[in-house]
Structure formats: structure tokens, C-alpha cells
Amino acid sequence: MTQVTPSTPINQVDVLCIDDDEIVLRTLTRLLEVNGLSVIVSDNPQSALTLFKNHEFGLIISDMRMPVMNGAEFLEKARALAPDTQRILLTGYADIQTTLAAVNQGQINGYIQKPWQNDLLLRSIRDSLEKFALKKQNKKLEAQVKAQNQELLELNNSLEQRVEKRTLQIKQVLKKLEDANEREKQEHKSTVELLYNFVNANPYLDGNKAQNIANTCTQIALYLNLSQKSIDLAPMAGYLAQIGLLAMDPDLYKKPVNRLNEQQRKTFYTHPSTAQLMLMPAMHLHDLSDAIYYQFERFNGNGMPKGLAGNDIPIGAMVLGLARDYWDAFEQSNASDEKQRHDDALESVKLYSGSFYHPKIVRALEASHAKLHEQKSTAGSVLICNAHELKDQMVLGHALHSHTGIMLLPKGHVFSRKSIEKLQQLESKKPTPFRIMVKTAK
Numbered sequence: 078m079t080q081v082t083p084s085t086p087i088n089q090v091d092v093l094c095i096d097d098d099e100i101v102l103r104t105l106t107r108l109l110e111v112n113g114l115s116v117i118v119s120d121n122p123q124s125a126l127t128l129f130k131n132h133e134f135g136l137i138i139s140d141m142r143m144p145v146m147n148g149a150e151f152l153e154k155a156r157a158l159a160p161d162t163q164r165i166l167l168t169g170y171a172d173i174q175t176t177l178a179a180v181n182q183g184q185i186n187g188y189i190q191k192p193w194q195n196d197l198l199l200r201s202i203r204d205s206l207e208k209f210a211l212k213k214q215n216k217k218l219e220a221q222v223k224a225q226n227q228e229l230l231e232l233n234n235s236l237e238q239r240v241e242k243r244t245l246q247i248k249q250v251l252k253k254l255e256d257a258n259e260r261e262k263q264e265h266k267s268t269v270e271l272l273y274n275f276v277n278a279n280p281y282l283d284g285n286k287a288q289n290i291a292n293t294c295t296q297i298a299l300y301l302n303l304s305q306k307s308i309d310l311a312p313m314a315g316y317l318a319q320i321g322l323l324a325m326d327p328d329l330y331k332k333p334v335n336r337l338n339e340q341q342r343k344t345f346y347t348h349p350s351t352a353q354l355m356l357m358p359a360m361h362l363h364d365l366s367d368a369i370y371y372q373f374e375r376f377n378g379n380g381m382p383k384g385l386a387g388n389d390i391p392i393g394a395m396v397l398g399l400a401r402d403y404w405d406a407f408e409q410s411n412a413s414d415e416k417q418r419h420d421d422a423l424e425s426v427k428l429y430s431g432s433f434y435h436p437k438i439v440r441a442l443e444a445s446h447a448k449l450h451e452q453k454s455t456a457g458s459v460l461i462c463n464a465h466e467l468k469d470q471m472v473l474g475h476a477l478h479s480h481t482g483i484m485l486l487p488k489g490h491v492f493s494r495k496s497i498e499k500l501q502q503l504e505s506k507k508p509t510p511f512r513i514m515v516k517t518a519k
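Count along the sequence shown from 1, add 77, and you get the number used in the numbering used here.
Hints are supplied without guarantee of correctness; some may be wrong.
[To be verified] When the alpha-carbon atoms are kept at most 30 Å apart in a straight line, the in silico DSS-like pairs for lysine-lysine are as follows:
| id | residue 1 | residue 2 |
| --- | --- | --- |
| 1 | K306 | K286 |
| 2 | K286 | K248 |
| 3 | K130 | K223 |
| 4 | K507 | K191 |
| 5 | K306 | K468 |
| 6 | K248 | K217 |
| 7 | K383 | K427 |
| 8 | K286 | K154 |
| 9 | K248 | K154 |
| 10 | K154 | K217 |
| 11 | K306 | K506 |
| 12 | K286 | K223 |
| 13 | K212 | K495 |
| 14 | K286 | K383 |
| 15 | K495 | K217 |
| 16 | K191 | K306 |
| 17 | K516 | K506 |
| 18 | K332 | K223 |
| 19 | K495 | K468 |
| 20 | K437 | K213 |
| 21 | K213 | K499 |
| 22 | K213 | K488 |
If you're looking for bench data, these hints aren't it; they were derived computationally from the structure. These figures come from a predicted structure and were not determined experimentally.
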């Protein structure tokens, strides 16, 4: 099969569709072939697994509910056979638990609810095929680096000019590899965005509150001058702080915790442990899992689940716990003025500085809180525009969400021609244009 690179047409890569419903398979085949894509279909998951012996698929589209083997099981087996192949799950709204199983077991790259919208499905398919091409390119570049390093060793005492030439070539390949690995890192963020969208889709969980917690975690991490890894982790922890609640009875989180009975509260406070189990298969999210798991620890050692104290508590968990409680206090304030509600929330958490919270983290929150009100806008630092005003290399200042709260693009996304065109297509279907905050030169 032709080696796939980002410059290779994605219609040269086979798409495997699995569904026990022949009507669905015919519909998918017609849709994909009309759009120039190569399709192979199967109505039997067990038989489909044998196809991997002779085929390299760029993408698998699998139904969730099938006899003998469900979609989560099939995608887990398919991942073992072809780890680079992208995986999309077709599922119904009622399949939330089984879809989470597919995220954990098969590490799916996306899911589409039935009945699907053709344009959304095609966009997801094309994005997945481009990610597959990126992985292929990454492996190709790694092989080139290995081969050229070996060649450099064999040159040994060759002419200095030849050595310099080869060294330059290797540096160029390494730069390409670094760029490709950075895009892989962005895929890890996509996992968090996918899980956050599960939280946002739940009618009893507040996606806007998760966004606020994420933003506050970021501000605190920046003020504390934490490592870049910890700064990247901070908003992810905020977005997924409530993910464990998805596995619980909604009666436990439809009302404030202080209105639950003692047994209900005990059960409620186990949701970080559930979140840790959910995230366990995603090894690259280990630090994120710890931040969520230890979010109810207290600086004085009177927290849960382990009773850790002081600096034994992971820094990400301390930041998340303070940001979460700040926004809980904001919601509970009776003030009618929004600024006063923020002030009330700040005073509420400051009361527990040194007992519940690390004093330096409270000071960081206080500093970022003051900065928020002192600098409502910074001339020349940000620009509000719509999709048709975007330009290549602009940087997204805040995560962009749909009107239903679904995350479309994360903070820090660098706009390209392709991402701009996709936003313009979405905006053309909206009654009002997007309000997109982008960073500009100071």
C-alpha cells in the first residue's frame, strides 16, 4: 500500500465499517464513496478482525451494539492489531456507560451519535484520516533518523564536508520529528476534550462551571510560575474534576452536597476514585488522574482519601481543590452584583488559608483575582473577531465552545487555513457569528 503522509490524498487509505445492520452499512458506503473514500464493510466483528492480516486501515467506524462482540470489545482487539488505526464509535445517547468503556478499552478517537449528520460525520472521518497520516509520517521520520544516525557512524573518518552535510540533514529531520511529536501531544489534549464533552452533555453537571474552574487553575499555575507541564495540566484537571460523577446516580449531584445525607455524602466523595479508574488506561494522563484523585485533600491533613498534608499533596490537586471551592462559594453567594460574588468567594476561601489550602496558593488566587478586575482588557494583547476575520498563525486566547457548551478548540490552538475554513463552515450555519478571542502582538 502507498505510504501515507500529510501530503498524500486521504482517499488512498481504506476505511473499515462494522455494523450488524446492512442498511447502515449501505448508507455509510454510499456516503463515503460519493466523497471519494475507499470503503470495506463487514457485518461480523469477529470476521472483520481477520481483515487486518492483509489490509492496513486508516480508520475503523464501528457500531456499539452488536451481537457476539460489542463495539468496545471489537475496538480493543482492533487496537491491539493496528494501534495506529483511528477509531470512531457509532452510539446512541443512552450508551454513555458503554461509550466510556470504549474510551478506556479501545481508546477511541471520537464518537458519533445516531442518527448522525453527514457533514459532522465526514468532518470527523477526514480529521481521523489526517491523524492516521500524521502517525505514519512520524514513524517514517523516526526510521529516517535511525538510518541516518547509523550512516553517520559509518562515515567515521570521511571528509568533513560530507559529515557536515549529513549532520544538517539529520537536524532537519529531527526538527520535523519534534513538530510531529508536538501534534501528537495535541491529540492527548483531544482525549481530555472528548471526556469534558461527556461532562457537558450531562444535564445535571455544569459545563460552564468546569470551564471557570479550568481557567482559574490556569491563572493560579501561571502566577506560581509552575513548570510548563503543570501549567498544561491545570486546565485539564478543571475540565475533568467532575468526570467520576458520570458513573454515579444523578440524585447524588443534582443538588448541593450539604443537602445530602451522611451516607450519600460518603458515596459522593468517592467520585475522584472513580475518575482515577476511568483514566487508568490512559498512561499519559497519570498526573492528571492524581490531581483529580487527591482534590479533596486538605493542607492540614484532615482531607480525603489518604489524609495527605502539606507538600505531600500533589500541586495539581491543591490548585484544583482551591479553584473548585472558590467557584462553589461563588455559586452560594447571595450577592446580586457579580463582582461582589467574586469578592465573597475569595473571602470565603481565605478563611481557610493554612488549614484547608496552602497559603501560597491562596495568595496566587488573590493575586489573579485582583488582576482580573484591574485589567479587564489589555490594549494590543487580545482581539475579538469572527471566523471570517481569522488569519493563519493567530493563537486562540480562550477555549472556543459551541452554543451547547461542546468544546470546539482548546486554548492555545494555532489557527491554520484548514481550522479557519472549518470554523467558517460552522459559523455559516449559526444565526450569529462566533466571538473568538485571539492573542495579538503587544
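Hints versus structure:
As the CA atoms of K306 and K286 are separated by approximately 23 Å, the hinted pair is consistent with the 30 Å bound. Among the hinted pairs, K286 with K248 is inconsistent with the structure: their alpha-carbon atoms are about 45 Å apart, more than 30 Å. Between the alpha carbons of K130 and K223 the distance comes to roughly 27 Å, so the proposed pair stays at or under 30 Å and holds. This hinted pair checks out: K507 and K191 have alpha carbons roughly 22 Å apart, not beyond 30 Å.
Of the supplied pair hints, the one linking K306 and K468 holds, its CA atoms being roughly 28 Å apart against a limit of 30 Å. Simply put, K248 and K217 have alpha-carbon atoms about 15 Å apart, close enough for the 30 Å limit, and the pair holds. With a C-alpha separation of about 24 Å, the suggested pair K383 and K427 falls inside the 30 Å cut-off, and the hint holds. For the given pair, K286 sits about 37 Å from K154 by alpha-carbon distance, which is inconsistent with the 30 Å threshold.
For the proposed pair K248 and K154, the alpha carbon gap of about 38 Å is over 30 Å, so the pair is violated. At most 30 Å may separate the alpha-carbon atoms for a hinted pair to count; K154 and K217 meet this at roughly 25 Å. Straight-line distance between C-alpha atoms of K306 and K506 comes to about 37 Å, which puts the hinted pair past the 30 Å bound. At roughly 47 Å between alpha-carbon atoms, K286 and K223 are farther apart than 30 Å, so this suggested pair is violated.
At roughly 19 Å between alpha-carbon atoms, K212 and K495 fall within 30 Å of each other, so this suggested pair holds. With a CA separation close to 26 Å, the supplied pair K286 and K383 stays within the 30 Å bound. A threshold of 30 Å between alpha carbons decides the hint, and for K495 with K217 the separation of about 24 Å falls inside it, so the pair holds. Distance restraint check for K191 and K306: the Cα-Cα separation of roughly 37 Å exceeds the 30 Å cut-off, and the hinted pair is therefore not satisfied.
Straight-line distance between C-alpha atoms of K516 and K506 comes to about 25 Å, which keeps the hinted pair within the 30 Å bound. For the hint pairing K332 with K223, the CA-to-CA distance comes to about 57 Å; that exceeds 30 Å, so the pair is violated. Distance check on the hinted pair: K495 and K468 sit about 11 Å apart at the alpha-carbon level, within 30 Å; holds. With a C-alpha separation of about 46 Å, the suggested pair K437 and K213 falls outside the 30 Å cut-off, and the hint is violated.
A hinted pair counts as satisfied when its Cα atoms are at most 30 Å apart, and K213 with K499 qualifies at roughly 24 Å. Among the hinted pairs, K213 with K488 is consistent with the structure: their alpha-carbon atoms are about 27 Å apart, no more than 30 Å.
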